[in-house]
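Engineer: Following the hints, complete the assembly by docking chain B onto the known chain A.
Those sequence lines, one after another, are chains A and B.
42 is the number that our numbering gives to position 42 of the first sequence; each next residue is one higher, with no gaps.
24 is the number that our numbering gives to position 24 of the second sequence; each next residue is one higher, with no gaps.
Hints are computed from structural coordinates only; laboratory data are not their basis.
Treat the hints with care, since some could be wrong.
To be verified - Which stretches of chain A does chain B cover? Using the computed rule of at least three CB atoms under 8 angstroms from a CB of chain B, they are:
1. 190-199
2. 211-224
3. 228-240
4. 289-298
Heads up, the beta-carbon is just placed ideally off N, CA and C, and yes, glycines get one too.
The residues making up each chain are set out below.
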Amino acid sequence: MRFGVALVLMIFMALIDARQYYKWAYVFYLVSMMLLVAVEVFGHIGMGAQRWINFGLFKVQPSELMKIGIVLFLARYFNAMTIQGIRTIRGLIIPALLTLFPVALIAMEPDLGTSLMVLITATVMVFVAGVQWWKFALVGAAGGGCLPIVWNCLHEYQKNRVLTFLDPERDPLGTGYHIIQSKIAFGSGGIFGKGFLHGTQTHLNFLPEKHTDFIFTMFSEEFGMLGSLTVLALNLLVIALGYLFAFRTRNYFAKLTIIGLNTNYFLYVFINISMVMGLLPVVGVPLPLISYGGTVMFSIMASFGIILCMSVNKSKMAFDDN
Amino acid sequence: MEYIGYGNNGQSVKEKILGMSFTYILLMIILAGIGTLTLYSGLTEVGHLGPASI
Chain A
1 MRFGVALVLM IFMALIDARQ YYKWAYVFYL VSMMLLVAVE VFGHIGMGAQ RWINFGLFKV
61 QPSELMKIGI VLFLARYFNA MTIQGIRTIR GLIIPALLTL FPVALIAMEP DLGTSLMVLI
121 TATVMVFVAG VQWWKFALVG AAGGGCLPIV WNCLHEYQKN RVLTFLDPER DPLGTGYHII
181 QSKIAFGSGG IFGKGFLHGT QTHLNFLPEK HTDFIFTMFS EEFGMLGSLT VLALNLLVIA
241 LGYLFAFRTR NYFAKLTIIG LNTNYFLYVF INISMVMGLL PVVGVPLPLI SYGGTVMFSI
301 MASFGIILCM SVNKSKMAFD DN
Chain B
1 MEYIGYGNNG QSVKEKILGM SFTYILLMII LAGIGTLTLY SGLTEVGHLG PASI
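Bound conformation, chain B alone:
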């Protein structure tokens, strides 16, 4: 069996990227966005808006 490194079964990188589920990636980005927002709140002390050192 020949291992071609990138791609799958002769698919090019472009074909592979286009074959990925963008809904799946979008959901991850939304969740990470919520995470960043919540982390900002979690690392913010009362009385000022800058993230506190942990």
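With the rest of the complex left out, here is chain A:
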């Protein structure tokens, strides 16, 4: 049912003229930004974080809108610039500020996972737009130098997640419980799995959040390594097709938009699967199309709709501000 509605949304998004996305890119970004500010002022608090705005009938998570908003904004911004302009420091100040502001707002909710996703997506788009690699190395080195300050700004639970990632056994019944149980469930599935509805670790409630962030663990226990590899392969195909669309399209705005949205999808899959296997700290990123959660499903399907819309547009049509 939820997917059916999201599928209709995707087709609707795919049928909109690509030029409309170009025309409304800045407005969409601005609305997302205003909603993010609104979350800080009168957002709905759930599970210890202030991430939602309650509109009565439904709740909206503005950070999900910003994942699309930042992509459309950067695609339009870079589309209007020459490569020489992009490679100047002046040309990068506006996109840097307008990326870091929402990233900071999302991190304050607090939602470190989503803020990092927005930051990485924007970084990939800036790289694809043609900014020299040494500038990334410079910013990376400066960021590395700021790590002690960032560490001191983290909430206690965020620090615990990082420490648990480095050593899950330091608190096996507390902060390390999630990840230890996840690894046990993974391993107990073996090659062929225990069978549908027969996952003992998950059904006997050893594994928390089994229908949301840790759903891939549950799937792996019931369908084994073969099932997990199938899901990985399907996701890999979706991601590869997305980049193929970007490669084929001749329009710069469309190319950047597809790359941004596809990178966002890649990050969802990569972060979720890595975190449930203990390869990344637990940051609360669901597995798209599989985990329970309406907002993510709708935002992902809307992204797919925009990708399809841009992929159909193979001609080098003019997007300009006139």
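Structural biologist: Below, chain B alone, put in the same frame as chain A:
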């Protein structure tokens, strides 16, 4: 520039739908199908087959 609302560069809605990658859409549907199956399992308590309330 004239914004035509639907379609692209003079393409009709039909042309646009036919131009979309059905492999891409099919992959999404398969993944969502796997998701529904897994969610059913995740929301099913031990001892009965009905989805439990969350």
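Engineer: Please flag the earlier hints that this structure goes against, numbers listed from lowest up.
Structural biologist: As far as the earlier hints go, not one is violated by this structure.
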